[in-house]
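The lines below spell out each chain.
Number of protein chains: 2
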Amino acid sequence: MGYGKDDELAINTIRLLAVDATFKANSGHPGAPMGMAPVSHVLFNKFMTFNPKNPDWVNRDRFVLSNGHGCMLQYALLHLFGYGVSLDDIKAFRSVDSCTPGHPEALDTPGIEVTTGPLGQGFANAVGLAIAQASTAAHFNKPDFDIINNHTFFFFGDGCAMEGIASEAASTAGHLQLGNLIGIYDDNHISIDGDTNCAFTEDVMKRFEAYGWHTQWVKKGDDDLEGIEKAIAAAKEVKDKPSMIKLTTTIGFGSLLQGTGGVHGNALKADDCKQVKSKFGFNPEESFVVPQKVYDMYHKHADEGAAAEQEWNQLFEKYGSKHKAEYDDLKRRLSGKLPEGWEKKLPTYKPTDKEVASRKLSEAVLEAIHDVVPDLIGGSADLTGSNNTRWKDAVDFQPPSLGIGDRAGRYIRYGVREHAMAGIMNGISAYGTLIPFGGTFLNFMSYAAGSVRLSSLSHCRVIYVATHDSIGLGEDGPTHQPIETLAHFRALPNMMVWRPADGNETSAAYYIALTSKSTPSILALTRQNLPQLENSTLENGIKGGYVAVENENADITLISSGSEVCICIEAIKYLKEKHNLTARVVSVPCFEVFDTQSKEYRLKVLPDGIPIMSVEAMSTLGWERYSHEQFGLNRFGASGPYKDVYKKFEFTPEGISKRAVATVDFYKGDKVRSPVNRAFQQLI
Amino acid sequence: MGYGKDDELAINTIRLLAVDATFKANSGHPGAPMGMAPVSHVLFNKFMTFNPKNPDWVNRDRFVLSNGHGCMLQYALLHLFGYGVSLDDIKAFRSVDSCTPGHPEALDTPGIEVTTGPLGQGFANAVGLAIAQASTAAHFNKPDFDIINNHTFFFFGDGCAMEGIASEAASTAGHLQLGNLIGIYDDNHISIDGDTNCAFTEDVMKRFEAYGWHTQWVKKGDDDLEGIEKAIAAAKEVKDKPSMIKLTTTIGFGSLLQGTGGVHGNALKADDCKQVKSKFGFNPEESFVVPQKVYDMYHKHADEGAAAEQEWNQLFEKYGSKHKAEYDDLKRRLSGKLPEGWEKKLPTYKPTDKEVASRKLSEAVLEAIHDVVPDLIGGSADLTGSNNTRWKDAVDFQPPSLGIGDRAGRYIRYGVREHAMAGIMNGISAYGTLIPFGGTFLNFMSYAAGSVRLSSLSHCRVIYVATHDSIGLGEDGPTHQPIETLAHFRALPNMMVWRPADGNETSAAYYIALTSKSTPSILALTRQNLPQLENSTLENGIKGGYVAVENENADITLISSGSEVCICIEAIKYLKEKHNLTARVVSVPCFEVFDTQSKEYRLKVLPDGIPIMSVEAMSTLGWERYSHEQFGLNRFGASGPYKDVYKKFEFTPEGISKRAVATVDFYKGDKVRSPVNRAFQQLI
Ligand SMILES: [Ca+2]
Ligand SMILES: [Ca+2]
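Just so you know, the sequences run in chain order A and B.
In terms of the working numbering, the first sequence is residues 8 to 691.
In terms of the working numbering, the second sequence is residues 8 to 691.
Incorrect hints may have been included.
Chain copies aren't distinguished; within one or between two, either way the pair holds.
Claimed, not checked - Pairs of lysine-lysine, DSSO-like flavour, derived with a Cα cap of 27 Å:
id, residue 1, residue 2
1, Lys276, Lys367
2, Lys650, Lys98
3, Lys611, Lys678
4, Lys331, Lys286
5, Lys53, Lys237
6, Lys246, Lys31
7, Lys606, Lys675
8, Lys665, Lys606
9, Lys53, Lys307
10, Lys31, Lys367
11, Lys98, Lys655
12, Lys243, Lys213
13, Lys606, Lys678
Calculated directly from the structure, the hints in this document are not laboratory data.
Please take these sequences and the hints and turn them into a complete structure.
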């Protein structure tokens, strides 16, 4: 306690860095940094433990700026505390190839934990970071070795508070009683449309109480540093609930437009910059000024953080001498590597093995590997029995007081909250010790799309178990049958969309998903049974595409994925018998992975000279990349037993053959070129 | 008040129809219908006014089953009250081409207001229906003519309550003080994963109070019919708040598995069917039994509804004699037609007109037509100034008590709630008197994807104003720059995705969007300025694709959309000067509409014999349908001034030309076939 002139100076330095950077970029959001500088000062300088020289230290306190548009606040703090963000970087705010992009991106900037900006995401990420902390602590802490005990702090604004994903995440965090999670709500009464009175008049604190959060209100967030400190200290004392501190602030504090929407998303005008500098006792003619006192104060705290890490390192080495296995395991996890030989546990299948739904095959993988890959922590958005995401003896991750699980449990009951599940998984992944997977129906991946996109952008190793992947789910009907979903996620950069056709392909999907440290995966899995294919092996599967049935002098190549591959294989016989045509079949469980194979290999799979027809029981969009003709479903499905639905839409050997015949006729006499041949390389 | 044996009989009849239908289908959800039959009986028979012979009567009370998996409840009610759902239809539950699909679909079944099943959607739809009622009432009611005064009732379960969209919609409804909205929360303590205790322990009533809802709790929902009636009556008395009644019920009431997850999503076993029939006093050997008494009771209420409509029709005719203009306007609206000559107001542009961002061009359309199309009701998810969705003298749709708008206001402040906005728009559209539009950034359409899909599936005339449509938004960076979004929605059946290149194309997009009664539209619009193109006319634009620059003996066709069309046009000159190549340029503002043109026309636009290269600054997925080579961005963007970002990724005349040269070289000597030629027709 006891705040004075130096604190004020530091706070105003932060504010003015935000003013100068947004002014220079002529773009960005000065309002939130100016309003949130006081709480940032108290939080970072009094409470948070971190070492700017090693932003990856596992037991650091985590900070998430869910209102990511205020990122100049975070860049200023990172710079002032001595992270790898220079004053020149601040000056390059929002310019191409800077480490200070328009919203915080975890990959671009040392000290940024998660990519935020899309509102509400950071909130869910913070819940994920807190879950990961609790889980990791439960697995690794030992008597006298409280090695994992960090807190997760996050800021959120009105925008985040309005977003559904934040509501879902808040309800989840309350249920899970995450005492290590402290959120500070920037109650500044302004959103882009102006006064929040125009759309957001609910009682936010009461809502959070309803979720089971501990709540406090600091009414003078602009200058009551002691009040802020007391509130954060009180929040830290609460161990069985997440905490929310409502902090009433003035957006754009100091600006002529303070307290208005005018200062939210626009740089201050030149004269306003000058007056605010004068008001804060800075030279109005100078920009990007950092008084040495401020550096000194913050570097002192950074040094304390470095010392804390040193101390922790010593403790951890001592831990290693007493708990060698756990020590090795944690070190390994932090390296991102999987345990030696884990892949030998992956189930493999022979063509004579019985038909199994790929959601079941996925379950078999999880059953087989969960012991050998202890990093796995999974769950489902209230579809456990349908997604088959839970291994038999799994324990739920739950607050012990509920009596239905514990903190070491590795199965998360996400509730019917797909979007938060995905955002939470991104946070869990960002913590660095766990590999999250989560289930829902493929169709409801769309509910989570905002977070799924960030899995890709942030390079999170996250696995989406997306069952009921087509009209093959049958009776639930069009509301549940994905048509556009695979095209959507296939178009998303850095996302592996897998649609395995059988057991070996399912194991291959898991193999690549788990060994790809910086690429998330969606596993589209069937409700209905699938036969084990002749040429399907782990080796073939991990290529993303391979020849499932070869035939010399083929008239047509049928290319397909998932549950339609076996129907294409049936069609070979039908085509031969009824039309005297020879077909070969290619299975492409994953576009993204197939695309990374050599051109030579891809041309072997999809050779020149033969027309190619794709078969997938959903939108044909994107299949043009691999085929000359496409058989798919560019309309909504139907409710009925799945065999009836397949028949209605002609996904049968007959229906495929009819179109294959038309394709062969159409291209007869043409010098057909494989679509693998391209005139130029794509920008990827 | 006063309930007896007949009521019990009716309730058990409903329950057993759900038991029999799910048993026969061997699929579906008996639990919710069995638990919610009592409240349905009271609500439908005592409170709701409707005429089964005319499900389209505008002033009917609306009912939405947000927990749509319980649809057998609704089908049973529709049948019993005499809607066009026969007992045979009930027997055909969940079979192909029945009018009783696995989840309620507005298009399939008379009496179903909105398509539900994806959880939380119905909740948002109900809010939209209530908004539409309030708006329509404000516009059309006159002293002595309370012609629009219906209520919207809806059921929702734990799943809906957990979904973010429902949270967003509930907060919105509370803010808007929608007194005509009454939700009944099926508090049955069961979700698919079992006891809600595993994931959902928040205080739901308190949360709704925090949103500003009136709340009540009926603790004995299985049999306290009087309590239910009292609660609904009390809710109707509350005029300045939406109402939520928490109704504690026993899922699967009567089943041996009642109160457990076992009865949620699986048909009862044969012996359980029998015991429950015996328990309810029905013959255990019979199925699909409806005692005549039950028909009589419900048909009596239906007759009262028919009489109410008759009375209303008389009132409406009288209204017509006093308020001719309003009468005509409401009649016209209900027909789905737009006012005569409205399209003459659409702005048109000459090539010499100045450069304007297409978000501004969209604003100009709204400014020009809002008077002549009074059906329009718009808004934005807290991005009004960025989406340019508000005409100058617009009044906000607000509760009058806030003093910032009124019920006749046609501008909705959705807050940062993209998903609810979309779900609410679907509900507004379903009411039948309004055409909703709503804005957000194109990238955040992904947050709304769950509802956008239902706009398409339910044939809602809804317009999404999706601005900041590419890396052209510049500084906000990769978190805000869509890459996969257009591919996603282009793959969605019955969705028109427009990406206009200039003013006339923007007007064309609105023309088609507004005149397509059963197809929603997404308008992808730029932040940056665009020139007015030479060949762009309303007539060309409404074809979805046309030749923007023709050139005889062209070496290459460049096909593009939106902001990249003008760069392609610039590239023509560059290609000629630097490479002596002749290029022609095609603009395709809308795939879906272009696809409906004659093959002859499409071949004129994309002729045989010339290689075609697409140019769009986002995922290339899908452009293979129209081109031989694709220039796009199959990676995430960058934060910086937009011209720098375009340059970084080579979306410049030079960058386009480089790839055009490679394309021409690659296809030299080939007999290039236009991709318009196809071997067979797609299933659409
Ligand atoms: Ca705010
Ligand atoms: Ca429930």
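Same-copy or cross-copy closeness of Lys98 to Lys655 [CA-CA at most 27 Å]: Only across copies: Lys98 and Lys655 sit 20 Å apart there, 62 Å inside one copy, limit 27 Å.
Alpha-carbon proximity between Lys665 and Lys606, which holds within one copy, between copies, both or neither at 27 Å: Only across copies: Lys665 and Lys606 sit 22 Å apart there, 31 Å inside one copy, limit 27 Å.
Alpha-carbon proximity between Lys276 and Lys367, which holds within one copy, between copies, both or neither at 27 Å: Result: close only across copies, 24 Å inter versus 61 Å intra.
Copy assignment of Lys243 with Lys213, given that the CA separation must stay at most 27 Å: both (20 Å within a copy, 25 Å between copies)
Within, between, both or neither, where Lys31 and Lys367 count as close if Cα-Cα is 27 Å or less: between (56 Å within a copy, 26 Å between copies)
Intra- versus inter-copy proximity for Lys675 and Lys606 (alpha-carbon distance at most 27 Å): Both. Shortest intra-copy (25 Å) and inter-copy (21 Å) distances satisfy the 27 Å Cα cut-off.
Intra/inter-copy verdict for Lys53 and Lys237 if alpha-carbon distance must be at most 27 Å: within (11 Å within a copy, 55 Å between copies)
Homomeric proximity label, Lys606 with Lys678: Cα distance no greater than 27 Å: both (19 Å within a copy, 23 Å between copies)
Intra- versus inter-copy proximity for Lys678 and Lys611 (alpha-carbon distance at most 27 Å): both (17 Å within a copy, 24 Å between copies)
Same-copy or cross-copy closeness of Lys53 to Lys307 [CA-CA at most 27 Å]: within (11 Å within a copy, 72 Å between copies)
Identical-chain pair category, Lys246 with Lys31, by Cα at 27 Å: For Lys246 and Lys31, neither the intra-copy (44 Å) nor the inter-copy (52 Å) Cα distance is at most 27 Å.
Within, between, both or neither: Lys331, Lys286 at alpha-carbon 27 Å: neither (58 Å within a copy, 63 Å between copies)
Hints 4, 6 from the list above are not met by this structure, while the remaining hints are.
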